[in-house]
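Colleague: Spelled out, the chains give:
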Amino acid sequence: MSNKILAFVESKDGKFKNSAFEVISEAKKLSGELSCDFEVVTIGSGIDAEAENLGSYGASKVLVVDANELNSKSKFSGTQYSHSAFAKVVAETATKESANIILISGTGLGKEIAPRVAIKTDSAFCQDCVALHVEGGNIIATKPVYAGKSMIDMKFNGDKILITLRPNVFKPVKSGDAKAAIEKVDVGSLNLNDKDFGSAVKEVVVSSEKLDVAEADIIVSGGRGLRGPENFHLVETLASVLGAATGASRAVVDAGWRGHGEQVGQTGKTVSPSLYIAVGISGAIQHLAGMSSSKTIV
Amino acid sequence: MKIIVGVSLVPDSTTKVKIGADKKSIDENGVSYILNPYDEFAVEEALQLKEKNGGEVIAISYGTDKAKEAIKKAFQMGAEKGVLIKAASNDFDTYSAAKNLADYIKGQSPDLVLFGKTSIDFDGLSVPAMVAEMIDYPCINVVVKLDINGNDITAEREIEGGKEIVVANLPAVIGTQKGINNPRYPNLKSIMASKSKPIEEAAPTYTGNKYEVIEMKLPAAKAAGRIFTNGAADVPELVKLLREEAKVI
Ligand SMILES: Cc1cc2nc3c(=O)[nH]c(=O)nc-3n(C[C@H](O)[C@H](O)[C@H](O)COP(=O)(O)OP(=O)(O)OC[C@H]3O[C@@H](n4cnc5c(N)ncnc54)[C@H](O)[C@@H]3O)c2cc1C
Ligand SMILES: Nc1ncnc2c1ncn2[C@@H]1O[C@H](COP(=O)(O)O)[C@@H](O)[C@H]1O
Chain U
1 MSNKILAFVE
11 SKDGKFKNSA
21 FEVISEAKKL
31 SGELSCDFEV
41 VTIGSGIDAE
51 AENLGSYGAS
61 KVLVVDANEL
71 NSKSKFSGTQ
81 YSHSAFAKVV
91 AETATKESAN
101 IILISGTGLG
111 KEIAPRVAIK
121 TDSAFCQDCV
131 ALHVEGGNII
141 ATKPVYAGKS
151 MIDMKFNGDK
161 ILITLRPNVF
171 KPVKSGDAKA
181 AIEKVDVGSL
191 NLNDKDFGSA
201 VKEVVVSSEK
211 LDVAEADIIV
221 SGGRGLRGPE
231 NFHLVETLAS
241 VLGAATGASR
251 AVVDAGWRGH
261 GEQVGQTGKT
271 VSPSLYIAVG
281 ISGAIQHLAG
291 MSSSKTIV
Chain C
1001 MKIIVGVSLV
1011 PDSTTKVKIG
1021 ADKKSIDENG
1031 VSYILNPYDE
1041 FAVEEALQLK
1051 EKNGGEVIAI
1061 SYGTDKAKEA
1071 IKKAFQMGAE
1081 KGVLIKAASN
1091 DFDTYSAAKN
1101 LADYIKGQSP
1111 DLVLFGKTSI
1121 DFDGLSVPAM
1131 VAEMIDYPCI
1141 NVVVKLDING
1151 NDITAEREIE
1161 GGKEIVVANL
1171 PAVIGTQKGI
1181 NNPRYPNLKS
1191 IMASKSKPIE
1201 EAAPTYTGNK
1211 YEVIEMKLPA
1221 AKAAGRIFTN
1231 GAADVPELVK
1241 LLREEAKVI
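Sequences listed follow chains U and C, in order.
The first sequence begins at 1 in this note's numbering and counts up by one.
The second sequence begins at 1001 in this note's numbering and counts up by one.
If you are wondering where the hints come from, they were derived from the structure by calculation, not from laboratory data.
Please read all numbers here as calculations on a predicted model, not as lab measurements.
It is possible that some hints are incorrect.
Stated by the list, open to error - EDC-like mimics (lysine to aspartate or glutamate), calculated; alpha carbons at most 16 angstroms apart, straight line:
| # | chain 1 | residue 1 | chain 2 | residue 2 |
| --- | --- | --- | --- | --- |
| 1 | U | K12 | U | E50 |
| 2 | C | K1024 | U | D153 |
| 3 | U | K202 | C | D1152 |
| 4 | U | K295 | C | E1244 |
| 5 | C | K1145 | U | E203 |
| 6 | U | K120 | C | D1136 |
| 7 | C | K1217 | U | D153 |
| 8 | U | K75 | U | D194 |
| 9 | C | K1023 | U | D153 |
| 10 | U | K155 | C | E1215 |
| 11 | U | K210 | C | E1160 |
| 12 | U | K61 | U | E50 |
| 13 | U | K17 | U | E215 |
| 14 | U | K4 | U | E97 |
| 15 | U | K17 | C | E1160 |
| 16 | U | K4 | U | D37 |
| 17 | U | K120 | U | D159 |
| 18 | U | K295 | C | E1245 |
Said to hold, decoys possible - Far from chain U, some chain C residues (derived; all Cβ distances over 10 angstroms):
| # | residue |
| --- | --- |
| 19 | E1028 |
| 20 | Q1108 |
| 21 | P1204 |
| 22 | T1205 |
| 23 | A1233 |
Think of the CB as a built atom: it goes at the ideal place given N, C-alpha and C, for glycine as much as any other residue.
Please build the complete structure, drawing on both the sequences and the hints.
Modeller: In structure tokens:
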């Protein structure tokens, strides 16, 4: 069977996320190594112009599913979107386009929909891949396990494969300024039913306008060495100078100095920024588990 | 309310990982195992729901005999029933675990299935949604607050930079995240009572694997760090290196 890759990418407020460029660049690279085609699918409204620009990362065809139209099929009223419906869209598109390899960015949304897509398409599945290569025509995926204390290389049985790529690890590569062809997907053709909207998001509550650690390229984190919440302005000032997100160790989150959303580590977030500055953090193994793949650590 | 809780046994998070002789898994010598920390939240949530609405809590694990330790911990916390779906070896993938759990759960028609959001060994963040797909239940994972009113579920799910308020109906699958509750410490009475509780065993329904581990390795060692000893006086030098050498600011 000949291979074909489908990349699912996300947008937010009418713009594609950085992770979208990473996934498309990796899809392009992989399609070169496997000598096969790749296509992109996205769900959004009013993003056609931005979708055309994905051509600069090598996408020649982008399938666009209108988010509002999709949501109008929901069995719940007053909801905004549904992870299970997104999963159905990706699975149906892969089937229709005869794509056997699916790449999804491992964002909160991506990791939520990917396992569902894996079951719907009966694909072998690797969550949170940090490196991909082709060996003798087979895809080998590398994934951290035991909180990054070791890595496994895996190969897949069968030719249906789904992989989520850890954000901030794969390089976005611009390959020109070509425009991608946009193809509108007819939502009516996606075989949606009530079960596909089994759970739906009613409201998104942004806890702060601040940059989230999981998405930041620079992070300044504070620990118990700061002695008290009143000293965290030091961390915040440095972060704002650097355009960084603020993070925290579990010790200070448990002490109530900082919110859980900032916790980095095994029971918090896994991050891999270009620069991670730890202030007053001892570097416990569970903290390292969340940040040891950062490129430069101070 | 019939509640099934998936529990898995994982190496303690302080474990120093050594690669085993097969070069495909960890060396289990000297490793101590615990109930996956996120599963404690799932067990606690199940117990609180049972205490409020009545019903029973069944802890279930797919694994070798060793996985009984996870079920025993759930017993100590207060689960009334425990089922081990017995795997022939530890060499199973996420799909295989999900499939065996799903096949068992389907036969039980529970009102609610609770899992931890992820297991800290392979960090799959997958089993809850996979099982839900297989048994045709809705699923909400990474849940920090769960409200159930009749058949209506409203959950808060943690996302990057905030929360989603998600709605669904029972029966459903929920994956629990830290913050949802404070797991209880087993008291002496429940520890004593748990000793006589039998663990039911079930045969696996699926033994294949969808992926194979080719090799397990330690992560590439980081280049040796540099130590600055002059405190604040070294900051200009540090900034210079971050700009010019690391090129990160
Ligand atoms: C199951 C489990 C999961 C865990 N998950 C996480 C997790 O996700 N994330 C996490 O972070 N932890 C986690 N932990 C906790 C972890 O083991 C540590 O307890 C925690 O990371 C310590 O936080 P800390 O570094 O802020 O505090 P400490 O270890 O107390 O370190 C404080 C540091 O500040 C330094 N210091 C003190 N004064 C000054 C000063 N004036 N100037 C500069 N430096 C100073 C000290 O030398 C020390 O290095 C977990 C633990 C367990 C058991
Ligand atoms: N072998 C297993 N037996 C029972 N429950 C499991 C098993 N593996 C995973 N789970 C459950 O699924 C959750 C998520 O696991 P995972 O998708 O592997 O990260 C865990 O927190 C457990 O509640």
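Colleague: Decide, hint by hint, whether the structure agrees.
Modeller: Each hint, compared with the structure:
1. For the given pair, K12 (chain U) sits about 11 angstroms from E50 (chain U) by alpha-carbon distance, which is consistent with the 16 angstroms threshold.
2. Proximity of K1024 (chain C) to D153 (chain U) is assessed by CA-CA distance (about 9 angstroms); at most 16 angstroms being required, the pair is judged to hold.
3. Taking the CA atoms of K202 (chain U) and D1152 (chain C), the gap is near 13 angstroms; set against the 16 angstroms cutoff, the hint holds.
4. Pair hint K295 (chain U) plus E1244 (chain C) holds up; C-alpha atoms about 15 angstroms apart against a cutoff of 16 angstroms.
5. Of the supplied pair hints, the one linking K1145 (chain C) and E203 (chain U) holds, its CA atoms being roughly 14 angstroms apart against a limit of 16 angstroms.
6. Distance hint between K120 (chain U) and D1136 (chain C) is fulfilled; the C-alpha atoms sit about 11 angstroms from each other, no more than 16 angstroms.
7. Simply put, K1217 (chain C) and D153 (chain U) have alpha-carbon atoms about 8 angstroms apart, close enough for the 16 angstroms limit, and the pair holds.
8. This hinted pair checks out: K75 (chain U) and D194 (chain U) have alpha carbons roughly 6 angstroms apart, not beyond 16 angstroms.
9. For a cut-off of 16 angstroms, the pair hint linking K1023 (chain C) to D153 (chain U) stands: about 11 angstroms separates their Cα positions.
10. This hinted pair checks out: K155 (chain U) and E1215 (chain C) have alpha carbons roughly 10 angstroms apart, not beyond 16 angstroms.
11. With a C-alpha separation of about 11 angstroms, the suggested pairing of K210 (chain U) with E1160 (chain C) holds against the 16 angstroms cut-off.
12. Only pairs whose Cα atoms come within 16 angstroms are accepted, and K61 (chain U) paired with E50 (chain U) is accepted, the gap being roughly 13 angstroms.
13. The hinted pair formed by K17 (chain U) and E215 (chain U) meets the criterion: a straight-line CA distance of about 10 angstroms does not exceed 16 angstroms.
14. About 8 angstroms separates the Cα atoms of K4 (chain U) and E97 (chain U), which keeps this hinted pair within 16 angstroms; it holds.
15. At roughly 13 angstroms between alpha-carbon atoms, K17 (chain U) and E1160 (chain C) fall within 16 angstroms of each other, so this suggested pair holds.
16. Of the pairs offered as hints, the one joining K4 (chain U) and D37 (chain U) holds, with about 5 angstroms between alpha carbons and a cut-off of 16 angstroms not exceeded.
17. At roughly 15 angstroms between alpha-carbon atoms, K120 (chain U) and D159 (chain U) fall within 16 angstroms of each other, so this suggested pair holds.
18. The straight-line distance between the Cα atoms of K295 (chain U) and E1245 (chain C) is roughly 12 angstroms, inside the 16 angstroms bound, and the hint therefore holds.
19. E1028 (chain C), annotated as away from the interface, keeps every beta carbon of chain U farther than 10 angstroms; the closest lies near 12 angstroms.
20. Even its closest Cβ contact with chain U, about 19 angstroms, leaves Q1108 (chain C) beyond 10 angstroms, as expected for a residue assigned away from the interface.
21. Under the 10 angstroms C-beta cut-off, the non-interface status given to P1204 (chain C) relative to chain U holds; the minimum distance is some 18 angstroms.
22. For T1205 (chain C), the condition that its CB be more than 10 angstroms from all CB atoms of chain U holds, with the nearest at approximately 16 angstroms.
23. The beta carbon of A1233 (chain C) is kept farther than 10 angstroms from every beta carbon of chain U, the shortest such distance being approximately 16 angstroms.
Of the hints listed earlier, there is not a single one the structure fails to meet.
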